[in-house]
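For the protein sequence lines, the chains are A and B, in the order given.
The first sequence runs 40 to 290 under this note's numbering.
The second sequence runs 73 to 212 under this note's numbering.
By construction, these hints were calculated from the structure, which means they are not laboratory data.
Treat the hints with care, as some may be off.
Unchecked claim - Just some of the chain A residues that point at chain B, by a computed CB distance under 8 Å:
{"#": "1", "residue": "200"}
{"#": "2", "residue": "203"}
{"#": "3", "residue": "208"}
{"#": "4", "residue": "213"}
{"#": "5", "residue": "249"}
{"#": "6", "residue": "253"}
As the list claims (entries may be wrong) - With beta-carbon atoms standing in for the labels, derived distance ranges:
{"#": "7", "chain 1": "B", "residue 1": "108", "chain 2": "A", "residue 2": "80", "range": "36 to 42 Å"}
{"#": "8", "chain 1": "A", "residue 1": "157", "chain 2": "B", "residue 2": "144", "range": "33 to 39 Å"}
{"#": "9", "chain 1": "A", "residue 1": "239", "chain 2": "B", "residue 2": "108", "range": "57 to 63 Å"}
{"#": "10", "chain 1": "B", "residue 1": "118", "chain 2": "A", "residue 2": "196", "range": "47 to 53 Å"}
What the hints assert, rightly or not - Chain A side only, calculated, beta carbon under 8 Å to chain B, not exhaustive:
{"#": "11", "residue": "116"}
{"#": "12", "residue": "119"}
{"#": "13", "residue": "122"}
{"#": "14", "residue": "149"}
{"#": "15", "residue": "192"}
{"#": "16", "residue": "193"}
{"#": "17", "residue": "194"}
{"#": "18", "residue": "201"}
{"#": "19", "residue": "216"}
{"#": "20", "residue": "219"}
{"#": "21", "residue": "220"}
{"#": "22", "residue": "256"}
{"#": "23", "residue": "258"}
All C-beta atoms, glycine included, are put in the ideal place defined by N, C-alpha and C.
Chain by chain, the residues:
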Amino acid sequence: MILRAALLAGGLATAAAAEDRRTGYEMMSPELRAMQDDEMSNPGMLWVAEGAALWEAPEGPAGRSCAGCHGEAAQSMAGVAARYPAWDEASGAPVDLSGRIALCRTRHQGAEALEHESRPLLALAAYVARQSDGRPIAPDPDPRLDPWRETGRVLFTARMGQLNLACANCHDDHAGGRLGAAPIPEAHPTGYPQYRLQWEEMGGLHRRFGNCLTGIRAKPFAAGSPDYVALELYLMSRAAGLPLEAPAVRP
Amino acid sequence: MRRLALAPALALAFAVPAMAQGLPEPLTAAPGDPARGRALVLDQQRSLCTLCHAGLVPQVPFPGDLGPDLTGVGDRLTLPELRLRLVDSRAVNPDTIMPPFHSLDGLSRVGARWQGATILSAQEVENVAAFLATLKGGSE
């Protein structure tokens with residue numbers, strides 16, 4: 040009961056703060072927002088449809104599908120993407136949503152592993168995330184995640200690369216400013232995986248991290264690496280209360 | 073090696089409390105060429121200047137706004153002051169977001185492609201500084 044009250048109070052506090060924050064969606068042109076909002080014109084829906092088919096597809100020696108264990112995604116997966124990354128008991132470390140799906144493949148379906156940022160994994164992640172479209176981001180309160188969130192915060196504020204810049208230099212201190220012609224967003228991970236016009240395809244949050252690190256001429260980490268999961272945990276806690284967009288469109 | 077050659081000049085600059093004096097010694101024997109400096113500033117991907125600064129070259133239609141407008145900067149700062157800010161703006165403001173264009177001090181996780189290299193060469197710094205010094209009065 041006490042825990043629930045505390046969580047509720049926390050939820051209310053973040054909901055109030057949500058008004059001071061701006062998502063990438065709110066910074067986009069009316070045309071791009073309309074493209075995202077309309078199922079028929081949102082290119083990300085192609086990946087969602089692919090993911091829906093994969094959800095039902097039997098895999099591995101036992102011929103088991105995701106649906107075989109989880110049933111209707113609309114029920115079992117509602118809110119999951121808004122809560123991840125979460126603690127994985129078996130490995131004693133946090134996993135992001137794509138990591139969890141990849142683990143389900145190998146552990147429960149006995150199928151071959153799916154690579155982070157591979158098309159089938161992006162499609163499944165997009166389909167699972169779709170079940171949380173519009174829900175407020177609600178980070179997992181598991182205290183075992185707290186040191187990881189702190190690692191992520193340290194990474195976010197560390198100067199890196201030949202340009203000697205930290206994520207926070209742009210996304211905390213200069214959000215709303217312009218880097219050349221590009222408006223700088225607050226870096227809320229509200230819409231991943233997302234269809235990015237510049238990529239001409241769906242891509243995950245860890246790919247975005249890689250883009251920004253390469254931009255400051257730093258060495259990117261690997262997609263799915265513990266460092267990126269830590270960064271994701273920090274950004275999700277920073278974005279608590281903001282609505283999830285699935286699938287998002289970005290320029 | 074470049075860094076070693078530069079160290080005495082920087083040490084001297086740091087020793088003087090009035091940091092505004094900058095780096096009086098040119099980094100190269102050949103004097104800075106303002107036309108080449110201007111061409112480099114126009115090349116946004118190479119020099120990066122217009123990602124953060126307006127007031128440099130009217131040909132760049134959407135300069136960024138993370139740094140101050142540099143219109144007339146040649147009236148406000150001397151050549152040695154300009155040189156110091158290009159070499160390493162941290163000498164003026166330790167928390168600056170302006171990248172150190174000719175220093176490797178304290179960098180971490182530099183990508184393989186850029187490992188061990190400064191953003192601009194000594195001659196490029198001289199050329200850009202010479203161009204900035206020509207920015208007087210209103211816009212170009």
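Hints, one by one, checked against the model:
1. With a cut of 8 Å, the hint placing residue 200 of chain A at the interface with chain B holds, because the nearest CB-to-CB distance is about 6 Å.
2. Because the smallest distance between the Cβ of residue 203 of chain A and any Cβ of chain B comes to about 6 Å, under 8 Å, the interface hint for this residue holds.
3. At a threshold of 8 Å, the smallest CB-CB gap from residue 208 of chain A to chain B is about 5 Å, leaving the interface hint in force.
4. Interface restraint check for residue 213 of chain A: the shortest CB-CB distance to chain B comes to about 5 Å, inside 8 Å, so the restraint holds.
5. Annotation: interface hint on residue 249 of chain A violated; nearest CB of chain B at approximately 11 Å, more than 8 Å.
6. With a cut of 8 Å, the hint placing residue 253 of chain A at the interface with chain B holds, because the nearest CB-to-CB distance is about 7 Å.
7. Between residue 108 of chain B and residue 80 of chain A the CB atoms are about 47 Å apart, so this pair departs from the stated range of 36 to 42 Å.
8. Here the CB-CB span from residue 157 of chain A to residue 144 of chain B is close to 53 Å, at odds with the stated 33 to 39 Å.
9. For the hinted restraint 57 to 63 Å between residue 239 of chain A and residue 108 of chain B, the CB-CB distance of approximately 37 Å leaves it violated.
10. Taking 47 to 53 Å as the suggested C-beta distance range, the pair residue 118 of chain B and residue 196 of chain A does not conform, at roughly 28 Å.
11. Against a cut-off of 8 Å between C-beta atoms, the interface hint on residue 116 of chain A is violated, since the closest Cβ of chain B lies about 36 Å away.
12. For residue 119 of chain A, the suggested interface contact is broken, since its CB lies about 32 Å from the closest CB of chain B, more than 8 Å.
13. Taken as an interface hint, residue 122 of chain A does not check out: its beta carbon lies about 30 Å from the nearest beta carbon of chain B, beyond 8 Å.
14. Given the 8 Å rule on beta carbons, the hint for residue 149 of chain A is violated: about 38 Å separates it from the nearest Cβ of chain B.
15. Annotation: residue 192 of chain A was flagged as interfacial toward chain B, and the flag is violated, the nearest CB pair being 17 Å apart, outside 8 Å.
16. Checking residue 193 of chain A against chain B by beta carbon gives a least distance of about 12 Å; that is not within 8 Å, so the hint is violated.
17. Interface hint status for residue 194 of chain A: violated, as the beta-carbon distance to the closest one in chain B is roughly 10 Å, over 8 Å.
18. Interface restraint check: residue 201 of chain A against chain B, minimum CB-CB distance 4 Å, threshold 8 Å, status holds.
19. Using the Cβ-Cβ criterion of 8 Å, the hint placing residue 216 of chain A at the interface with chain B is satisfied: the shortest such distance is roughly 5 Å.
20. A hinted interface residue such as residue 219 of chain A counts as satisfied when its beta carbon comes closer than 8 Å to some beta carbon of chain B; here the least separation is about 4 Å, so the hint holds.
21. Satisfaction of the interface hint for residue 220 of chain A is found here, the shortest Cβ-Cβ separation to chain B being roughly 4 Å, below the 8 Å cut-off.
22. Given hint, residue 256 of chain A at the interface with chain B, holds; its Cβ is 5 Å from that chain's nearest Cβ, closer than 8 Å.
23. Proximity of residue 258 of chain A to chain B holds as hinted, the smallest CB-CB distance being about 5 Å (cut-off 8 Å).
Checked against the numbered hints above, the structure breaks hints 5, 7, 8, 9, 10, 11, 12, 13, 14, 15, 16 and 17 and satisfies the rest.
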